[in-house]
Amino acid sequence: MTDDIQQEKNINEIDDPELEKVKRIEDEITGEYKYGFTTDIEEDRIPPGLNEDIIRIISAKKNEPEWLTEWRLDAFRTWQTMKEPRWCNCTYNEIDYQGITYYTAPKNTPQYQSLDEVDPEILKTYEKLGIPLEETKRLLNVAVDAVFDSVSVVTTFKDKLEELGIIFCSFSEAVQEHPELVRKYLGSVVPTNDNYYAALNAAVFSDGSFCYIPKNVRSPMDLSTYFRINAVNTGQFERTLLIADEGSYVSYLEGCSAPMRDENQLHAAVVELIAHDDAEIKYSTIQNWYPGDDEGKGGIYNFVTKRGHCKGKNSKISWTQVETGSAITWKYPSCILEGDNSIGDFYSVAVTNKYQQADTGTKMIHIGKNTTSKIVSKGISAGHGRNTYRGQVKIMNSAENSRNFSQCDSMMIGGECEANTFPTIDVRNNSSTMEHEAYTGKVGEEQLFYLMSRGIEEEEAVALIVTGFCADIFKQLPLEFSVEAVRLIEACVAFPDTLG
Amino acid sequence: MSKPLFEIKDIHVNIEDKEVVKGINIKILPGEKHAIMGPNGSGKSSLVNALMGHPNYEITEGEIIVDGKNVTDLETNERAREGMFLGMQYPLAIPGVTVSNFLRTAVKSHPDGEARVKTFRKDLKRHFKVLEIDESFATRYVNDGFSGGEKKRLEILQMGILRPKVAMLDETDSGLDIDALQVVSKGINEFCDENVALLMVTHYQRMLNYVNPSHIHVFMNGEIVKSGGPELALELEEKGYDWLQKDVPEKVEAQ
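Chain order of the listed sequences is W and R.
With my numbering applied, the first sequence covers 1 to 500.
With my numbering applied, the second sequence covers 501 to 755.
The reader is advised that the hints may include incorrect statements.
Said to hold, decoys possible - To spell it out: a stretch of chain W is covered by chain R in this simulated footprint if at least three of its residues, at any positions, have a beta carbon under 8 Å from a beta carbon of chain R; those stretches are: (1) 432-442; (2) 462-476.
To be verified - 20 Å max Cα-Cα, derived EDC-like pairs, lysine to aspartate or glutamate: (3) R:Lys608 - W:Glu459; (4) R:Lys608 - W:Asp74; (5) R:Lys739 - W:Glu458; (6) R:Lys527 - R:Asp517; (7) W:Lys475 - R:Glu723; (8) W:Lys61 - W:Asp74; (9) R:Lys518 - R:Asp644; (10) R:Lys651 - W:Glu446; (11) W:Lys442 - R:Asp644.
Read the hints as simulated data drawn from the structure, not as lab findings.
Using N, Cα and C, we set each Cβ at its ideal position, and we do this for glycine too.
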């Protein structure tokens, strides 16, 4: 009898999250980009173009200290000497950097003291996106920093976090309130001269999120930034700086979307993570920028530099990304494993459909002893999508007894798409070990027949096979995000003509 | 006299322009258990795969009638929704998709899926018991690393959960040891009651010791060469298939 009850319980536990998932994703498989609406608000907008004056205007608008203005100008001068890289396995037209507007913000109050001051249109926007900001409707256990075009409009649960000494605010606010921390860490992981887009970002970045977790504090809730590009012809250049002090833990979520527009828009962000001794950072991204239309017109160029520094002993940084949007995704969230025994993980799902292109992967640089890294990448190509995994694992002489495991799998749907894998491995000592696995497959006719013979429609069958293929990655995401990820992937692959 | 639940009317099947099934007629009343027997390559599997709508098999002539409705022009998933089911000979793995998620999605896709999903958990538990399946099965990935016996149990489990009107089983007994065969047969007997039309394809007689057929059809070269009652299976067991081949010399020549 007891056994029976126990079994009943097991089965309930087994099914509940899935039931929930099935419920949530019901009727969502439309394949249309659902976040393509625009919001009508008054904008504070500077003229397009880029020169030292523009940078001074941005810096002045943010009321920045002189050292930061100089830091920006220095980055700009470096950028001018650099050449736009073209090694990405993507094709796109010349970007006119003088045609971009580098700062657009909702008018009047760039920094809001309370929600009452926020334009109701903006609140409505976030609600439509599924991220209500009002007190009564907020997601439980997730603090949100909402970035609208170039500025952070509001950060929720700030007070509650402050009680624990956690700083979670917009980048602009951090510059005013915690200049010593910003100055200490800004550019310490991604220097201004790191690459072309990092230099550009350093020169013109307008806002972003800042987060500091003090010693031995485990953040009681997930921290989250939601980026929304609304304005026309505006580049979005935000920076995220996240510091986990000794023995602390934080799970950080990042989401993005943009309206459907015919012209391409540039998003060049920089994310820097620092983990001190025994600290752990879990960083999850769901990237759903507008991918362009069925002919490949429009969409976001997502050229982003993300890097984590496992500075302390036993520190851990884990990147999880689900990339479903953007016309072009070009990024390599990486880990520098400096502290002994530190761990770096990279879990990625990248979907390219229509004419989307993704060249993404990771870099794991092992410096400390006994460092461990794990890479699991799942690329899915459909339509005319082009999907490239590019990765580098470097185990330095000093990194004795280090280990890496890499798994790069690709799945193709239909015959017009492309999947590529470019792994690079560089091991400079004899005590370390590497493992590499790869798999490339097609969604097969037999698998489809099997599922369809059980009554499941073709589109749903494809979605089931594809989400199954990504199951290992979704497990890494917090539940809320995992549901969102499954829904997005299903919407992404649900095009009846992809199997053609 | 009740009406046939499943009618196969003059079905012809091609694989890449080669005719492999040459005009089959079978009528199955509710509760009847028909077995198609025949040597390897005689077209038995081709017939049931074509009936389910497998893309590699083209039905060039004939009609499939389920419960009075012509389903010949329907997609595979629509045929399933009309009550057809095929237990596969080689069930495929779907990595990352749990048995429970797969079954629930399948149940939901059926016409009364919304109502059925409510009792899904209870049904699953009951069927696990019949098929002597451990409950941890629900969270494993579909056929991923399954033994032969586990795969066939999952096929019968699906049949039990989906409750088809017309159940076709393709070589369910292949790859099973005697214990697994008994359990799987128990499941078939339990799920295929007086409301179901069952069509089993089998090479050997041994499963028929556990699932007693009412009708036997002997298949050769894409045709039924002999039909009869359960006694025919025993005769085949004793004599093999060769004597039937001699019965129809003109067919052999026609090859």
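Structure-based check of all given hints:
Remark: the stretch 432-442 of chain W is not confirmed as covered by chain R, as 0 of its residues place a Cβ nearer than 8 Å to a Cβ of that chain, below the required three. As drawn, the stretch 462-476 of chain W meets chain R at 8 residues by the rule of a beta-carbon pair under 8 Å; at three or more, the given contact holds. The hinted pair formed by R:Lys608 and W:Glu459 meets the criterion: a straight-line CA distance of about 15 Å does not exceed 20 Å. Proposed proximity of R:Lys608 and W:Asp74 is contradicted: the alpha carbons are some 60 Å apart, above 20 Å.
A threshold of 20 Å between alpha carbons decides the hint, and for R:Lys739 with W:Glu458 the separation of about 45 Å lies outside it, so the pair is violated. With a C-alpha separation of about 27 Å, the suggested pairing of R:Lys527 with R:Asp517 is violated against the 20 Å cut-off. Restraint check for W:Lys475 and R:Glu723: not satisfied, since their Cα atoms lie roughly 51 Å apart, outside the 20 Å limit. Taken as a hint, the W:Lys61 and W:Asp74 pair is honoured in the structure, with Cα atoms around 18 Å apart against an allowance of 20 Å.
Restraint check: the Cα-Cα separation between R:Lys518 and R:Asp644 comes to about 34 Å, which exceeds 20 Å; the hinted pair is violated. Between R:Lys651 and W:Glu446 the alpha-carbon distance is near 16 Å, which keeps this suggested pair within the 20 Å criterion. For the hint pairing W:Lys442 with R:Asp644, the CA-to-CA distance comes to about 17 Å; that is within 20 Å, so the pair holds.
Violated hints, in rising order: 1, 4, 5, 6, 7 and 9; the structure is consistent with all others.
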